[in-house]
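Asks: Residue numbers (the working numbering), protein chains in the order written: chain A, 873 to 1181; chain B, 7 to 366; chain C, 933 to 1076.
Rather than coming from a laboratory, the hints here were simulated on the basis of the structure.
Wrong hints could be hidden among the right ones.
List time: in silico DSS-like cross-link candidates among lysine-lysine, alpha-carbon distance up to 25 Å [claimed, not checked]:
#: 1; chain 1: B; residue 1: K215; chain 2: C; residue 2: K1019
#: 2; chain 1: B; residue 1: K52; chain 2: C; residue 2: K1018
#: 3; chain 1: B; residue 1: K272; chain 2: A; residue 2: K1077
#: 4; chain 1: C; residue 1: K1019; chain 2: B; residue 2: K52
#: 5; chain 1: A; residue 1: K1077; chain 2: B; residue 2: K52
#: 6; chain 1: B; residue 1: K215; chain 2: A; residue 2: K1077
#: 7; chain 1: B; residue 1: K22; chain 2: A; residue 2: K1075
#: 8; chain 1: A; residue 1: K1075; chain 2: B; residue 2: K9
#: 9; chain 1: C; residue 1: K976; chain 2: B; residue 2: K340
Here's a subset of chain A near chain B, in silico, CB distances under 7 Å, partners left out [stated by the list, open to error]:
#: 10; residue: R907
#: 11; residue: F908
#: 12; residue: R910
#: 13; residue: E971
#: 14; residue: I998
#: 15; residue: K1075
#: 16; residue: T1128
#: 17; residue: S1147
#: 18; residue: S1150
#: 19; residue: R1151
Each residue gets a CB set at the ideal place from its N, CA and C atoms; glycine is no exception.
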Amino acid sequence: MFIQLLFYGFVFPGLIFQILCAWVFEWLDRKLIARFQRRVGPRWFQPLADWIKLISKENILPKGSNELVLTILPILSFGAVLTAGMYVPVAGFNFFSFEGDLIVILFLLSIPTLAYYLAGIASIGIYSFLGGSRSILQFFSYEVPLLLALSGPAILAGSWSIQNIITSQLSKGPFIIFQPLGFILAVVGLIGKLKRDPLDIPKAKSEVVAGALTEYTGIRLAFWHLAMNVQAVLGIFLLINLYLSWSPMDIPLLSTLAFIIKFLGLVVMLSVISSVFSRLRIDQLADIGWRILVPLALLQLLVVIFMGF
Amino acid sequence: MEKITIPIGPQHPLLKEPLSLLIDIMGEKVTGGTLRLGYVHRGIEKLAQSRNYIQNVPLIERVCGICSQVHTTTYCYAVEKLLGIEIPARAQYIRALMCELERIHSHLLWLGILCKHIGLDTIFMHTWHDREMVLDIMEELSGGRVAHAANKIGGVRFDLDEDHGPMVISIINKLQGQIGKLRDMVMHEPTIKARTEGVAPLSQDDIRKFCVVGPVARASGVDVDFRRDDPLPPYDQLDFSVVTHTAGDAWARTIVRVEEIEVSMKLCAQILQDIPDGPIEVRASRRVPAGQVVVRAEAPRGEVVYYLRSDGSDSPARLKIRTPSLTALSILPKQLSEIQVADIPVVVAGVDLCIACADR
Amino acid sequence: MVQDIITDIESETGNDCQKIDSILNEQVLQISGEDLRQVVEMLKQKHEFHHLSAITAQILENDSDYVELLYHFWKGFGFTLLLRLKKENPVIDSIIDHIPGSDFYEREVAEMYGVKFNFRDGIPPLLLPDDWVDGPPMLTEKKA
């Protein structure tokens, strides 16, 4: 039993699996964006090579900053996303589901955002401060539509456990058919959460150099990157589970294959969106977030509730 | 909310060359900025006085990387006026061809940089890929991609073969399709418009007060182009239009530059069609008779002015260069006082700074 | 055109204004240093000379008691105002109130040739670093 728990915790769906997925996601993303820009792009082991290079670099922090706080924050983010990853079903394999795990996962996944903000404040440079404050402003604009969009499937399935939502989709069909608007809003919210183009305002390279992580170096930065990439992977898994999980037959191999294809499809979509749009301004984002996205999300939710599925 | 000062530069991802901009912000609003130049000051005016006229040609070429051809062209015309010689027509046309090609690649570079700073890396990569086509032409003609060493006092240093003409025309035709697509994208793509429209508008009054020149002035409706107003040969025999726009904001400046690329491409085709045969140089003496001359030309960024005084020896007594980037920098603090923090890249990139030109 | 300008200057300032043919391509008028602000204001308002291309400062080798300042204007043709300042005490009025674009040019002339400008709130350096102690670079005899 203990050995089994260790396996779950460290191999699948725990540490090693999530790190590997994060690196695969990062490579796919960078390669696709590079090909869209007519470049060659990195080779398959680039994210691993970058990680090894980062952990071998010098660890320096700005003078006068609190070393304990700045060290804990990436560890906290990484731990939070790993914990959340234990509860997200992957291709039908799920070991720890319980009623309400969707809410716990969403809560755990917002810890990295808060940690990013605190890192921006705690590293006392001017660019970090600006990046951190922008990330909180952005958080207020995308989080409400994202949470509303991710609650839609739960209301439709009548349960707050992801496993039950998946089971409900297996009989009714993928929820994207019933809530296409919710899916679009969830994708937009995910782009905001992951701070990807067009919503990479907190880390806009020409304005705030590297955002809240400007002063980070070495192994702490390596863990920040890992936490961000695992968060991305978990976000995609959540989207697949809540909106797209339906497979023609209940054979494990086929459903795994279907899951992988959906994962790749979502990564391609995110990369295309990143390549095509320019960055929004923070006031434009706040405007779009509260004037367009939140009313649409509420509309979608009302449709779901009152249609009485 | 308290006022904080962001230092942009001397090293910053936004700047290609070192410049120190201290921008005061309050929240997300910019309240002002101060400027400090001199990080790339090489003392070219003083250096020019201790070198002879022929040695000065490579020195002047290195005032700026992107507008090197127009600087040497202006300098050589100034010296030739003092010498009282006129270079052959074929040399004039070759000089103009290199100037126009340089204008195309400078504007393409600028467009890529602007899109990179607003987050659209894809257009940045595509524009610079197209710019490679122009650099290949220049390498084929002169041997250098950016520093061509095309001019000498008395003419040009290389001639065009029979197959150079058709080669240039075919590459320009290929480029025409790309520029057409870019133009459509800049005019109609919603995110580019959303980021640049209405940002830091300059009225005609501001342009006049600060003596701004170049595409920045033309984007506000001031119709000035020194290729038409004070033409160096052969521009007085060439037929081209001057692009102006009325809005005066960052979007207008983008449109003006993209349309100028198209005008320059037509000019290149016209030059290659009209180019006469003949020699490409005349003999120029090393000693220049005493005299003073002022020559103006149109660089990609505006008006470049050369004042040259000679005292009868073989090195200049005084060489004064006024580059257009200096005027763009003088209006930058005013532009910075009315925008938001997220517009800083658009404004700073939108005036197309060439700090090496400004510092000399 | 230039004759009208000469007449206007002479009537405004009461001083003589000489037309010199020293520069090819340009119409050059020599005025005295005290008249500069008046002349520039008159040129701007009456003849609409807004565009100042450059301010050149130089020292003539055969007449090295003077710093010569050239103000290059452009209005369809090149027009230059020439004036001479004594080298021991080169003081001139600033035209920054009339033409704000002359700010950078005046700062460069001030730091390179040591010219002092009145009617300005301070003249911060433009190109030289803050710890430059050697004096105006263009006045030295050192070869670069």
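Asks: Identify every previously stated hint that the structure contradicts and give their numbers, smallest first.
Replies: Violated hints (numbers, rising): 1, 3, 5, 6, 10, 13, 15 and 16; every other hint is consistent with the structure.
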